[in-house]
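Trainee: Here is what each chain is made of, one letter per residue.
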Amino acid sequence: MLLSVKGLDVAYGRAKVLHGVSVRVDRGERVFVVGRNGAGKTTLLKTIAGFFAPAAGTIEFDGRNIGGKPAEEVARAGLRYVFQDKRVFTRLTVRENIEIAAHAARLPLASAIERVVGVFPSVPRFLDNPAGGLSGGQRQLLLIGRALLGEPQLLLIDEPTEGLSGGAVEEVFVALDRSKGKVAMVIVEQNLSLVGKLAERVYAVKEGRIAAELNGAAVRDESTLESYL
Amino acid sequence: MIGIIAYGLTIGAILYIISIGLSLTFGTMRIVNFAHALAYTAGAYLLYSVMRAGGSFLLAAAAGVIIVVPLAWLIERFIIRRLYGQSIDYAIIGTYAVLLIGVDGIKWLWGATPIPLSDPIGEYVQIFGVDLPVYRLVIIILAGVIFLGLEFFFRRTIVGKVVVAGLEDKDAVRSLGIRVDSYFSIVFVLGSALAALGGILYAPITTVHPYMGLHVLLVCFAVVLVGGLGSMRGTLVASFALGMVIAITGRVWGPAAETAVFAVMAVVLMVKPLEI
Amino acid sequence: MSALTRPKVLATLRSFDLAVIAVLFGLLAWVLSIQRVTDFVIFAIFVVSFDLLYGQMGRLSFGHMLFLGTGAYASALTAVHLGGNPVLALVMATAAGGLVALLLGPMTVRTTGACFALINLAFNQVWHFLALIAFATWTGGEDGLAVWMQPVGPLDFGDKRVMFAFALVSLLAVIWLTRRLTDSPFGILLRGIKQNEMRVRFLGYDVFRAKLLAFVVSGALAAFAGGLSALNYGYVTPSFVDPGRNVEVIFACLIGGAGSVYGAVTGGVVYMLISNFLPSYVQRWEMLLGFALLVLVFRFRSGLWGFVVSRLGPRAEET
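Chains as they are written, first to last, in our numbering: chain Z, 1 to 229; chain F, 230 to 505; chain R, 506 to 824.
Derived by calculation from the structure, the hints in this document are not laboratory data.
Values in this document were obtained by computation on a predicted structure and should not be read as measured data.
If you only want the chain Z side, here are some residues facing chain F, beta carbon under 8 Å, derived:
#	residue
1	F83
2	R91
3	E96
4	E99
5	A101
For glycine and all other residues, C-beta sits at the position ideal for the given N, C-alpha and C.
One chain only, chain Z, in its complex shape (with noise of 0.2 Å):
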């Protein structure tokens, strides 16, 4: 068991946002999330990561204890977490960008870059471009590819093909399938469909709590992942 949630509950001042929620993740396993907009899918990846803390339950990684731990903290002990909206650092260059990274793992530059590389094939046409020029494909291959520097065992990864053509979502996913197996991954994702052919474990959250956790065939039909919604 890499990560294990129990009774977690978050709240924004007084109003609670997550209720007693409950997942786990094993090692290497990759898991989805789905649920409607405002449903504390994020906010739940947010508390695991430890940018926000829980008001009540608990939150176990690795035979650690980390709720309430601060972001940086749960980042080094080997939880990355990757936001939404594709935020780069855009006043600073990819191969900037890159360069905190290794910056932070410390690896340098060069073997960092070769990483990326691996997972972003075509970064290095880009390196001294502003990060803030690439496209949203490209600046979620080069969010993955700078979270995995770290040699992360969980990877927390928030809607990452929103707002992406077919192609691009390919390629995020072909990026993806690279750590498959040796990275766990929780994985946020509002295309049902998708979801439906990639995935073997399902959460659905439903207003703060877990609707339901699926397997299996029940994971492939789409209806069925809506019905929990």
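Take the given structure of chain Z and dock chains F and R to it, following the hints.
Mentor: Frame of chain Z, contents of chains F and R only:
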């Protein structure tokens, strides 16, 4: 005319040197740091004391900057850090409290009477037929050097790049496992050291008194707000622009010089309000 | 006291608040001196006006002295140019404050946070300059103006007891007014703006008008305090507009407890006590004030009144 321009550039240079730290602290920590004025004032007083003890201007200047560094670190560690992420009002009040304490401390140690210092170079140079103090030219050049140094720092060093990234998206930097706050602390201390330098450089041109920091700080707020929070280029432009406003207004109607700056700030803020 | 009777004590205090406050101030005047306590009372009005902006609406202004000064100078100028009728002077003072707030408000209330604090400070600085230098021929510059008032019927402000009584009644009226305001839907709206302005706007309320109204009321009340101040001292100087003195009202509001009229009054009195008596014992009292502010900011945000409420009030109470 040349005199006004030179004076405006000198003031602008000083404002720039002091305002950098303020702008960076605004941009990185979203904190309005009234205690910034303390670094400035302390620099000036330390300059005075070391020179009085027999040191040369250069030695005293270096001493002033060096001594302020650990003080700034202490303030950051024990006050500023606790104000992170809090409502901005508490940051304002808290740092103002630090300023109060510091100013009273200065009054205690040095007394409240203003201390005039003299031009350390004392030479003049002729430009376009006007005699200008060399000292002022040195200040202007120094500001230019500092600007270049900062450009280098933020564009070429990894610490600078992390700060630039953190200014844009702090959480994304954290998600890479970097303790951004430590980098921001470095920037805070750097800014405070620059403020101290500003106080040291300006001291011979103005009089040294316990409230000099607050006085200048308000003008620096105007600079930072007009130039844009966390924007190095904006701070540069705004410093010199407001420096000229002060110089020109000062020539037309002496006492109104600094008030003119506030009028400008009010206008700018109304046209372009901030998000904090 | 059992947990059931504690809220009752608080509720009882609340319903007889005006009487209780009057008695307490009376006692204080008897113990200290009428003149000093009149000062306390007037400052309390000023703090209440500030709390309307800060405690209720969540906007910290670092330039509220602007309004105090406006009221003080308005009432002094009325006395000089329009005859020494104190009632007229006070009316003019309040009106001047409201007018200035109406003029500056549309520009400042659109801003928030640091921007709001600093833009008010900027205006305060400008005002101070105007009083000290630009309009010195009218304001008397650094020396200020003397204020002579004629008696109006039984109101002879030269008599310190009359001054005290009038000030106290004014304070009680202001408290009553403010309570009604804060308990009304308008007050709820203000607190909503403090919590989450955007949400209130999406709910369809005219947020700008509400903020402007609060700003004008606050400014008018502060100017009223300023007018009273000028009457009480018998003179007005630029120190009434001194931006450096903003820290006084901020400290008072914090130590009393922001967000509550009673907190504001408590804070005003406490600050006055400190600033009146501490300097005689402690030379470095400003440093102490700074430390006290830090303690308030880090540990004691709800202030004295907040502390009282948490002890005496029912569990999850909103003042």
